[in-house]
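Taken in order, these protein sequences are the chains called U and C. Counting from 1, one number per residue, gives the positions in the first sequence under the numbering used here. Counting from 267, one number per residue, gives the positions in the second sequence under the numbering used here.
Among the hints, erroneous ones may be present.
Stated by the list, open to error - With a cut-off of at most 27 Å between alpha-carbon atoms, the simulated DSS-like pairs for lysine-lysine come out as follows: (1) C:Lys387 / C:Lys464; (2) U:Lys168 / C:Lys393; (3) C:Lys387 / U:Lys168; (4) C:Lys464 / C:Lys315.
As the list claims (entries may be wrong) - Cβ pair distances, simulated, as ranges: (5) C:Asp479 / U:Ala149: 32 to 42 Å; (6) U:Arg167 / C:Ala524: 43 to 53 Å; (7) U:Ala111 / C:Glu302: 44 to 54 Å; (8) C:Glu283 / U:Ala149: 39 to 49 Å; (9) C:Ser449 / U:Arg167: 27 to 37 Å; (10) C:His405 / U:Val17: 49 to 59 Å; (11) U:Ser96 / C:Arg527: 52 to 62 Å; (12) U:Arg155 / C:Asn301: 14 to 24 Å; (13) U:Val238 / C:Tyr295: 51 to 61 Å; (14) U:Leu247 / C:Pro353: 40 to 50 Å.
Read the hints as simulated data drawn from the structure, not as lab findings. On a predicted model such as this, the values are computed, not experimentally measured, just so you know. Idealized CB from N, CA, C, for every residue including glycine.
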Amino acid sequence: MTIVDTGWFRIGARVLVVAALLAGWQYLSAAEILDTTSFPSMTATMAEAGRQLQSADLWLAVWETVRGWGLGLLIGCSLAIVVGTLLGLNRFAYLSVIPVIEFLKTVPVIAILPLAIVVWGATLDMKVFLVAFGVFWPLTIQTIYGVRAVDPVVRDTAAVLRLRGLRKFLNVTLPSAAPFIATGLRVAAAVGLILTIIAELIGGAPGLGLSILTSVNAGPSRLPATYAFILFTGVAGVLVTSAFAYLEQRLLHWHESQRNAAAKAA
Amino acid sequence: MSHPAVTPTSHSGTGTEPVLSVRALQKAYNVGKPNERLAIADVTFDVAKGEFVCVVGPSGAGKTTLLRCLSGLLAPTSGEVRFEGAPLQEVPARLSVVFQDYSRSLMPWLTVNRNVALPLKVAGVAKRQREDRIAEVLHAVGLGDVGRNYPWQLSGGMQQRVAIARALAHQPDMLLMDEPFASVDAQTRFDLEDLILKVRSDLDITVVLVTHDIDEAVYLADRVVVLSGAPSRVEEIVPVPLGRPRNQLVTRSEETFAQLRRHLMELVTAH
Ligand SMILES: Nc1ncnc2c1ncn2[C@@H]1O[C@H](COP(=O)(O)OP(=O)(O)OP(=O)(O)O)[C@@H](O)[C@H]1O
Ligand SMILES: [Mg+2]
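Given only the sequences and the hints, what does the whole structure look like? Please build it.
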């Protein structure tokens with residue numbers, strides 16, 4: 001083990017990179033290489049971000065975004081896992097339905113955004129629908145493939161052990177499908193957040209996306225706020241992705257991919 | 267073993283009836299399609315209660331296919347397999363199978379204890395007795411305190427021991443094994459051969475073991491069923507008049523062992 005592998009060294013290196021980027025930003029705006037009418041300085045942005053962190057409005061917007069994202073994800077993913085499992089377990093159903101799902105999966109969710117706005121207006125429901133719809137199709141497909149991906153030796157073993165019904169589902173089918181579903185969930189969480197922000201930004205539902213939009217509309221003086229909000233959405237994205245990666249690592253610790261990762265880290 | 271939860275099916279009235287009887291078994295893959303292929307042409311043999319039968323044959327002879335038919339995993343094209351008097355419909359409760367590929371056969375998401383618990387849960391054994399039985403059967407295959415480990419944390423030989431423990435947990439009458447020791451090193455292989463002989467005499471269980479290793483077949487078996495190349499037929503059924511208990515050093519250096527080995531070699535390589 002060299003110094004490069006130690007935890008502190010890694011954290012230090014990452015902090016340094018971030019610091020260098022921020023310093024570069026500050027330099028570019030101070031030297032007016034960046035157009036000051038569209039790029040605020042790093043310090044102005046950070047000062048604004050600090051102010052925002054103390055304002056109730058920001059936390060309300062964060063709450064709205066998290067709520068729409070979370071509900072949409074919960075509904076879309078639950079449905080996808082149930083429907084995907086049922087379709088995956090039944091060959092006939094799978095063969096009949098898969099072309100439709102493959103088609104619907106390719107429909108860009110943005111294409112139905114106007115429709116959702118007409119039906120629900122700039123509301124939480126509209127956001128939730130958009131997120132649920134967006135994550136449902138890809139995760140359904142992941143689940144179907146996962147349920148169908150039981151190793152033939154495992155399938156024989158299950159038959160020899162006479163595992164049936166719920167016991168077979170919980171001990172064999174679900175764990176076999178879990179790596180597929182976990183990947184699907186991680187992607188769904190990230191896509192869901194993007195869709196939430198879009199629904200707010202374009203659809204006008206309250207949340208971080210709408211905060212970005214209103215700060216832009218408020219003119220150049222609010223520019224640092226715009227950047228601060230963009231920064232916050234970025235942080236939200238990173239938090240979401242790491243949370244799901246952590247969960248995946250905990251739940252799938254037995255899976256080869258996680259075992260290899262653990263062996264590398266050790 | 268003093269575990270009364272599951273008692274073997276009684277054959278008291280029909281003491282001479284074989285545990286397993288295979289009659290004119292034929293198996294073709296992809297029947298009716300252009301790539302139809304006859305894997306087993308005609309196989310007939312019986313296995314008596316408590317007997318150890320090895321099946322040998324050249325590579326691709328249809329040994330795995332035969333074992334899958336015997337276990338009820340695969341339906342024969344024609345002919346019949348009877349287990350304890352009844353024609354096979356599915357995998358019978360009183361029969362266990364050990365696969366060659368232990369690393370895939372043991373569920374990686376379950377600990378050793380939970381893997382071994384599976385057949386006990388299916389048999390409806392209560393939690394308390396289940397725990398006792400798991401400890402007992404792990405001990406019987408020579409494993410110490412590994413129950414809380416995951417299978418992939420163990421060596422290959424230990425994993426196959428876990429697979430054998432799981433197969434024995436619900437006290438089946440018969441054990442079917444498909445090249446169970448083909449993926450472990452030579453020393454482990456000897457250990458596992460002796461383990462299975464010990465288990466068999468301790469538990470009075472019937473064993474059918476498929477192998478491509480003629481020495482292994484002679485060392486283990488009471489009788490060896492020799493298959494021809496595909497599509498397979500029974501070339502000969504060779505009795506093994508070696509005494510028991512057997513010993514890797516002593517048995518393998520006996521004159522009879524060498525003769526049997528030579529005879530089987532001639533049969534298997536005659537194609
Ligand atoms: N699922 C299948 N579909 C079609 N043909 C098969 C299938 N499984 C096996 N076969 C064919 O049946 C024949 C017997 O195969 P089998 O695996 O039973 O032989 P084996 O004696 O176990 O071989 P090995 O010594 O390599 O383990 C082979 O010719 C094989 O190609
Ligand atoms: Mg084989």
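Notebook entry, point to check: Which hint numbers doesn't this structure obey?
Noted result: The structure breaks none of the hints.
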